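Sequence order for the protein chains is A and B. When we follow my numbering, the leftmost residue of the first sequence carries the number 3, and every step to the right adds one. When we follow my numbering, the leftmost residue of the second sequence carries the number 2, and every step to the right adds one.
Calculated directly from the structure, the hints in this document are not laboratory data. Each hint should be verified, as a subset may be incorrect.
[Unchecked claim] Computed from the model, here is a short list of chain A residues facing chain B with C-beta under 8 Å:
{"hint": "1", "residue": "Lys21"}
{"hint": "2", "residue": "Val24"}
{"hint": "3", "residue": "Asp25"}
{"hint": "4", "residue": "Ala26"}
{"hint": "5", "residue": "Thr29"}
{"hint": "6", "residue": "Leu34"}
{"hint": "7", "residue": "Leu37"}
{"hint": "8", "residue": "Leu39"}
{"hint": "9", "residue": "Ala53"}
[Claimed, not checked] Distance ranges between label pairs, derived from CB positions:
{"hint": "10", "chain 1": "B", "residue 1": "Asn103", "chain 2": "A", "residue 2": "Pro17", "range": "52 to 60 Å"}
{"hint": "11", "chain 1": "A", "residue 1": "Trp18", "chain 2": "B", "residue 2": "Pro22", "range": "19 to 27 Å"}
{"hint": "12", "chain 1": "B", "residue 1": "Ala17", "chain 2": "A", "residue 2": "Asn51", "range": "52 to 60 Å"}
{"hint": "13", "chain 1": "A", "residue 1": "Ala26", "chain 2": "B", "residue 2": "Tyr120", "range": "39 to 47 Å"}
{"hint": "14", "chain 1": "B", "residue 1": "Tyr120", "chain 2": "A", "residue 2": "Glu71", "range": "48 to 56 Å"}
{"hint": "15", "chain 1": "B", "residue 1": "Lys33", "chain 2": "A", "residue 2": "Phe63", "range": "32 to 40 Å"}
{"hint": "16", "chain 1": "A", "residue 1": "Glu49", "chain 2": "B", "residue 2": "Ala48", "range": "48 to 56 Å"}
{"hint": "17", "chain 1": "A", "residue 1": "Val40", "chain 2": "B", "residue 2": "Gln119", "range": "22 to 30 Å"}
{"hint": "18", "chain 1": "A", "residue 1": "Glu49", "chain 2": "B", "residue 2": "Thr131", "range": "53 to 61 Å"}
What you are looking at is a predicted structure, and each value in this text was computed from that prediction instead of being measured. Backbone N, C-alpha and C fix where the C-beta goes; we use that ideal spot for every residue, glycine too.
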Amino acid sequence: MALLTRQEKKKIASPWVQKVFVDAKKTANLNLDDLDLVTQAAEDWVETNQASFVAALPEPFKTNTNAAEKTLMLVYVVMKRAGLI
Amino acid sequence: MAGGPIFPHSAFPVDADDVFPNIHVGAGANSKHDEGLGVANATDIAADATWRLRFQMPPTLPTGTGKLRILSLSSAETGVVKPHVKWASVAVEEDPSAATLNDEGVGTITWGSADDDQYKETLVTLDADTLVASEEVVMDLVFEDASMTLAVVSTHIVSIIWE
């Protein structure tokens, strides 16, 4: 598994904090240690499941995109689920 | 006789991305605005961040032990902030920019259950240097990145008291 640095975990958690705590005016009921654990867990889950994601992709997308482009598609689908696009 | 509070007449955010003037807005419906020294949340703070403060001492000091009193506010029920106080007393005709600041060590302000929007008090005894009547207290209030976990902005109201 790829271990995220503290700075990488902070960078991931920052927009989540802005959206969930600040924009929504919600009292922070999680701290940075809690968020560090979940960002690493999510990273680990992506690492574990990336092969099955690629296997599920249809052609011609699968053949004609690189790893970063495939990841980007997953990001946009997840962002749609989160109501961000 | 105990005395104070003396508030800083100057507060400069040295690391302006991570510390900034801020107004804490409480969730209550009444008197909910508190202006103070803002500190970025732990996901955004990039490094140790400094508020540079100046306090003028009165011509006669109160009796008692001089302390920095920090009242802290945040919309959080978990997390810690790590204030690190360094200061020196500087006389007239001395150069504050050349003064060596004396270290009071790193403290911890902890937010727990139901602490959101409540004043949290931290008292730091100022004994690394000597408070002197009519001199200027030159202070760096550093908020340390390491071990800081508070996930939202905090606001701090500081003063010097004697008790």
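Verification of the hints:
no. : hint                             : verdict
1   : Lys21                            : violated, 12 Å
2   : Val24                            : holds, 7 Å
3   : Asp25                            : violated, 11 Å
4   : Ala26                            : violated, 11 Å
5   : Thr29                            : holds, 4 Å
6   : Leu34                            : holds, 4 Å
7   : Leu37                            : holds, 7 Å
8   : Leu39                            : violated, 12 Å
9   : Ala53                            : violated, 30 Å
10  : B:Asn103 <-> A:Pro17: 52 to 60 Å : violated, 40 Å
11  : A:Trp18 <-> B:Pro22: 19 to 27 Å  : holds, 26 Å
12  : B:Ala17 <-> A:Asn51: 52 to 60 Å  : violated, 41 Å
13  : A:Ala26 <-> B:Tyr120: 39 to 47 Å : violated, 24 Å
14  : B:Tyr120 <-> A:Glu71: 48 to 56 Å : holds, 51 Å
15  : B:Lys33 <-> A:Phe63: 32 to 40 Å  : violated, 52 Å
16  : A:Glu49 <-> B:Ala48: 48 to 56 Å  : violated, 29 Å
17  : A:Val40 <-> B:Gln119: 22 to 30 Å : holds, 27 Å
18  : A:Glu49 <-> B:Thr131: 53 to 61 Å : holds, 57 Å
Comparing the model with each earlier hint shows violations of hints 1, 3, 4, 8, 9, 10, 12, 13, 15, 16; every other hint is respected.
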